[in-house]
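Novice: What follows is each chain in one-letter form.
There are 4 protein chains.
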Amino acid sequence: MRVGRPRSEAAKKAILQAIIQLLEETSYSDLTIESIANVAGVGKATIYRWWTHKTFLVLDAFLLTVETNLKFHENTTFRENFRQHLNTLSAMLNSSLGRTIVSLVAESGADSELANKFTSEYLKPRREQSRKLLQAAIDNGEIQPSINLDIVLDMFYGPVYFRILIYKKDVDSTYIDSLIEQVMKGITSMN
Amino acid sequence: MRVGRPRSEAAKKAILQAIIQLLEETSYSDLTIESIANVAGVGKATIYRWWTHKTFLVLDAFLLTVETNLKFHENTTFRENFRQHLNTLSAMLNSSLGRTIVSLVAESGADSELANKFTSEYLKPRREQSRKLLQAAIDNGEIQPSINLDIVLDMFYGPVYFRILIYKKDVDSTYIDSLIEQVMKGITSMN
Amino acid sequence: MRVGRPRSEAAKKAILQAIIQLLEETSYSDLTIESIANVAGVGKATIYRWWTHKTFLVLDAFLLTVETNLKFHENTTFRENFRQHLNTLSAMLNSSLGRTIVSLVAESGADSELANKFTSEYLKPRREQSRKLLQAAIDNGEIQPSINLDIVLDMFYGPVYFRILIYKKDVDSTYIDSLIEQVMKGITSMN
Amino acid sequence: MRVGRPRSEAAKKAILQAIIQLLEETSYSDLTIESIANVAGVGKATIYRWWTHKTFLVLDAFLLTVETNLKFHENTTFRENFRQHLNTLSAMLNSSLGRTIVSLVAESGADSELANKFTSEYLKPRREQSRKLLQAAIDNGEIQPSINLDIVLDMFYGPVYFRILIYKKDVDSTYIDSLIEQVMKGITSMN
DNA sequence: AAATAAACGAGACGGTACGTCGAGTCTTGGG
DNA sequence: CCCAAGACTCGACGTACCGTCTCGTTTATTT
Numbered sequence: 000m001r002v003g004r005p006r007s008e009a010a011k012k013a014i015l016q017a018i019i020q021l022l023e024e025t026s027y028s029d030l031t032i033e034s035i036a037n038v039a040g041v042g043k044a045t046i047y048r049w050w051t052h053k054t055f056l057v058l059d060a061f062l063l064t065v066e067t068n069l070k071f072h073e074n075t076t077f078r079e080n081f082r083q084h085l086n087t088l089s090a091m092l093n094s095s096l097g098r099t100i101v102s103l104v105a106e107s108g109a110d111s112e113l114a115n116k117f118t119s120e121y122l123k124p125r126r127e128q129s130r131k132l133l134q135a136a137i138d139n140g141e142i143q144p145s146i147n148l149d150i151v152l153d154m155f156y157g158p159v160y161f162r163i164l165i166y167k168k169d170v171d172s173t174y175i176d177s178l179i180e181q182v183m184k185g186i187t188s189m190n
Numbered sequence: 000m001r002v003g004r005p006r007s008e009a010a011k012k013a014i015l016q017a018i019i020q021l022l023e024e025t026s027y028s029d030l031t032i033e034s035i036a037n038v039a040g041v042g043k044a045t046i047y048r049w050w051t052h053k054t055f056l057v058l059d060a061f062l063l064t065v066e067t068n069l070k071f072h073e074n075t076t077f078r079e080n081f082r083q084h085l086n087t088l089s090a091m092l093n094s095s096l097g098r099t100i101v102s103l104v105a106e107s108g109a110d111s112e113l114a115n116k117f118t119s120e121y122l123k124p125r126r127e128q129s130r131k132l133l134q135a136a137i138d139n140g141e142i143q144p145s146i147n148l149d150i151v152l153d154m155f156y157g158p159v160y161f162r163i164l165i166y167k168k169d170v171d172s173t174y175i176d177s178l179i180e181q182v183m184k185g186i187t188s189m190n
Numbered sequence: 000m001r002v003g004r005p006r007s008e009a010a011k012k013a014i015l016q017a018i019i020q021l022l023e024e025t026s027y028s029d030l031t032i033e034s035i036a037n038v039a040g041v042g043k044a045t046i047y048r049w050w051t052h053k054t055f056l057v058l059d060a061f062l063l064t065v066e067t068n069l070k071f072h073e074n075t076t077f078r079e080n081f082r083q084h085l086n087t088l089s090a091m092l093n094s095s096l097g098r099t100i101v102s103l104v105a106e107s108g109a110d111s112e113l114a115n116k117f118t119s120e121y122l123k124p125r126r127e128q129s130r131k132l133l134q135a136a137i138d139n140g141e142i143q144p145s146i147n148l149d150i151v152l153d154m155f156y157g158p159v160y161f162r163i164l165i166y167k168k169d170v171d172s173t174y175i176d177s178l179i180e181q182v183m184k185g186i187t188s189m190n
Numbered sequence: 000m001r002v003g004r005p006r007s008e009a010a011k012k013a014i015l016q017a018i019i020q021l022l023e024e025t026s027y028s029d030l031t032i033e034s035i036a037n038v039a040g041v042g043k044a045t046i047y048r049w050w051t052h053k054t055f056l057v058l059d060a061f062l063l064t065v066e067t068n069l070k071f072h073e074n075t076t077f078r079e080n081f082r083q084h085l086n087t088l089s090a091m092l093n094s095s096l097g098r099t100i101v102s103l104v105a106e107s108g109a110d111s112e113l114a115n116k117f118t119s120e121y122l123k124p125r126r127e128q129s130r131k132l133l134q135a136a137i138d139n140g141e142i143q144p145s146i147n148l149d150i151v152l153d154m155f156y157g158p159v160y161f162r163i164l165i166y167k168k169d170v171d172s173t174y175i176d177s178l179i180e181q182v183m184k185g186i187t188s189m190n
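Residue numbers (numbering that gives the first Met the number 0), protein chains in the order written: chain A, 0 to 190; chain B, 0 to 190; chain C, 0 to 190; chain D, 0 to 190.
Check the hints yourself; a few may be wrong.
Here are some of the chain D residues that sit facing chain C, going by a computed Cβ distance under 10 angstroms [to be verified]:
| hint | residue |
| --- | --- |
| 1 | Arg98 |
| 2 | Ala105 |
| 3 | Gly108 |
| 4 | Ser111 |
| 5 | Ala114 |
| 6 | Ile150 |
| 7 | Ile163 |
| 8 | Tyr174 |
Below, simulated EDC-like cross-link-like pairs (lysine to aspartate or glutamate); rule was C-alpha separation at most 20 angstroms, straight line [what the hints assert, rightly or not]:
| hint | chain 1 | residue 1 | chain 2 | residue 2 |
| --- | --- | --- | --- | --- |
| 9 | B | Lys167 | A | Glu127 |
| 10 | C | Lys167 | D | Glu120 |
| 11 | C | Lys184 | D | Asp149 |
| 12 | B | Lys53 | B | Glu33 |
| 13 | C | Lys43 | C | Asp29 |
| 14 | D | Lys184 | C | Glu141 |
| 15 | A | Lys53 | B | Asp29 |
| 16 | D | Lys167 | C | Glu127 |
| 17 | B | Lys167 | A | Asp149 |
| 18 | D | Lys167 | C | Glu120 |
| 19 | B | Lys116 | A | Asp169 |
| 20 | D | Lys184 | C | Glu180 |
| 21 | D | Lys167 | C | Glu112 |
None of these hints come from the bench; they were simulated from the model. Quick caveat, the model's predicted, so the values are computed rather than measured. Here a beta-carbon is modelled for each residue, glycine too, at the ideal position from N, C-alpha and C.
Work out the full structure, taking the sequences as your base and the hints as a guide.
Specialist: In structure tokens:
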């Protein structure tokens, strides 16, 4: 079996919690490993032993806060599901941790380790499920079968990301409702 | 008149050029004032005399590279105008300087100086003009008058930003064409 | 009797041997407990269980290498005995272990634990025996009874320590012979 | 002429003074660059800019405290001159700074930079002058011309170094007087 | 033989200082 | 009065060891 003192799960938790706390007080660029270690009551070396880069720390802290598995409700409408989904996304992007990790991903290269991990552990699972939702709506005739799924999904997600992060305008439930309405207009089956 | 040695425009240009050059070689976090000064052949104090913050340096370098005033062609279609516009946007987001400044804006607060300047000097002028374009299409009956202009514009821009910066997928002219097509479906007048 | 696993003499030997080996490769300040543990194939805790301080480790390693009990030859002259004694001392001071422990003693305070142990376990026994030797030479009329034993002994030892450690000049047998000769001139009985 | 901001002599002085102060409170091994910088009110980088190694810092601090040029009195006896000289040496070796630098030299290799600088800037000048003093005493017939100057000088210096640093016994003026007396016995001309 | 108990190796832990690097400021001589 | 050069204070970086700890394992004595 593995010898030596085992890794402290308490330390790991404390580190990620410290990041969450600190990012609510300061910006990412003011977030120092030193302050994380202090707040977590942990030695700096412990942080460096398990994370190679500050961005991964933030990503892990982020992943800790988001729901492990996204659940869509089966007994409700396609519209309603998306509405909740986009509201959750909007809340995430308005949190400092969410804004931070997303802008870090934006800055990183397309095949950077950070982008890959963010995609595989956060983005993709959600994308996958919302794609299924969309497909189901096509299957039951609610939505036109001719659409490009990817583009339609981008039309749901993209405006929310853009409006909050770049355009710096509020995305409230009214906006989300109108957005969904507008996208639906172009994809609903007419028969 | 002001006495003493006048400010060196050559130094200013050299500094912004150095940033453009360096950002093609390294990431923003590896971009140091020291290296900028060295490459530009300039003292550090000269940089600090003109700019208060590294982000503004990058923003100014960015603004130097983008067209001062966006021109839409009047004698062509709404679709065609947007197509060119989004292709230009896509090219900008794929450049290291573009990706850098946008992610800096994404990370910054809604009413930070950086976001305000980026909005007023880059984002808003373009938004204004594309809004006019959209309005003109409504006026001549091409597009439904009932639409929410803001949301429709977000549906054009948002997917491009999102797809390049976050989802890390290519946005080529085929994608842009399909995107425009899909958005148009929901807004075109049917008569 | 005491229960539990007994202390490992093998580990103790390995530790002291590791120090001897490492001090021949690196300086004392580069000698780390970690490297000792690695070379000795021993856990750090085992070292700390037996020794409170790194200096004592070195002292113990030193004591392991020096003759347990100094032997003067009775059937030879006073001069000859001292000659051998000082040559041995010179060899010790030229070894890295010897130089290290002596400079540690030099740096330590007069009533530090290290100085006390070095004095009682190394210095004093030798001093005692050479004092006896000197006294014997006085008793048999070879040397003047009026001398201050302590000062004369310092005149034998001091130059050797000083010349090797501080003045950094070679102390070979010629030097030692001349030194003894010169000291003798001032203490030999003239009758 | 040289460009750029000139080196701050005030900072240099403050650094060396801080070392002198700190070494009176703590041992060399507890003397950290960090504490020197704090006490001196100086950035760590400034220390590293001018000194490569902590030992050189201590050496420079030591050289600052010792008389720049040793003065022997011409209108007094050889004995008296040496008496004062050895008393001064004894005082130096009993200071924490003196004990520290000497034990650092003792630990260092024969042709290390530290030993060389200590020899050339401290040891040699004094040795040179006391050698001249000895030579003068030979020239005026006070001392035998047959002696080995080097060995006789070692017999003056060695016992003082040894007794203070290694043997940890007091060296007061009585001891020095007796030592000089004893050495003189073996070298004085008898006519 | 089984249970108990201490020492062992391995290695993670909270710390501290290291030596480096860049930030932003200041002080020169020169333009 | 601006400029380059470069030294300054400051503070975080990532590394290396410190001395302590917590594991599973080993080796003895005690039951």
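Novice: Take the hints in turn and mark each one as holding or not.
Specialist: Verification of the supplied hints:
no., hint, result
1, Arg98, "7 angstroms, holds"
2, Ala105, "4 angstroms, holds"
3, Gly108, "8 angstroms, holds"
4, Ser111, "9 angstroms, holds"
5, Ala114, "5 angstroms, holds"
6, Ile150, "5 angstroms, holds"
7, Ile163, "9 angstroms, holds"
8, Tyr174, "7 angstroms, holds"
9, Lys167/B / Glu127/A, "16 angstroms, holds"
10, Lys167/C / Glu120/D, "15 angstroms, holds"
11, Lys184/C / Asp149/D, "16 angstroms, holds"
12, Lys53/B / Glu33/B, "11 angstroms, holds"
13, Lys43/C / Asp29/C, "17 angstroms, holds"
14, Lys184/D / Glu141/C, "16 angstroms, holds"
15, Lys53/A / Asp29/B, "14 angstroms, holds"
16, Lys167/D / Glu127/C, "16 angstroms, holds"
17, Lys167/B / Asp149/A, "13 angstroms, holds"
18, Lys167/D / Glu120/C, "15 angstroms, holds"
19, Lys116/B / Asp169/A, "18 angstroms, holds"
20, Lys184/D / Glu180/C, "13 angstroms, holds"
21, Lys167/D / Glu112/C, "12 angstroms, holds"
This entry satisfies every hint, going by the numbered hints stated previously.
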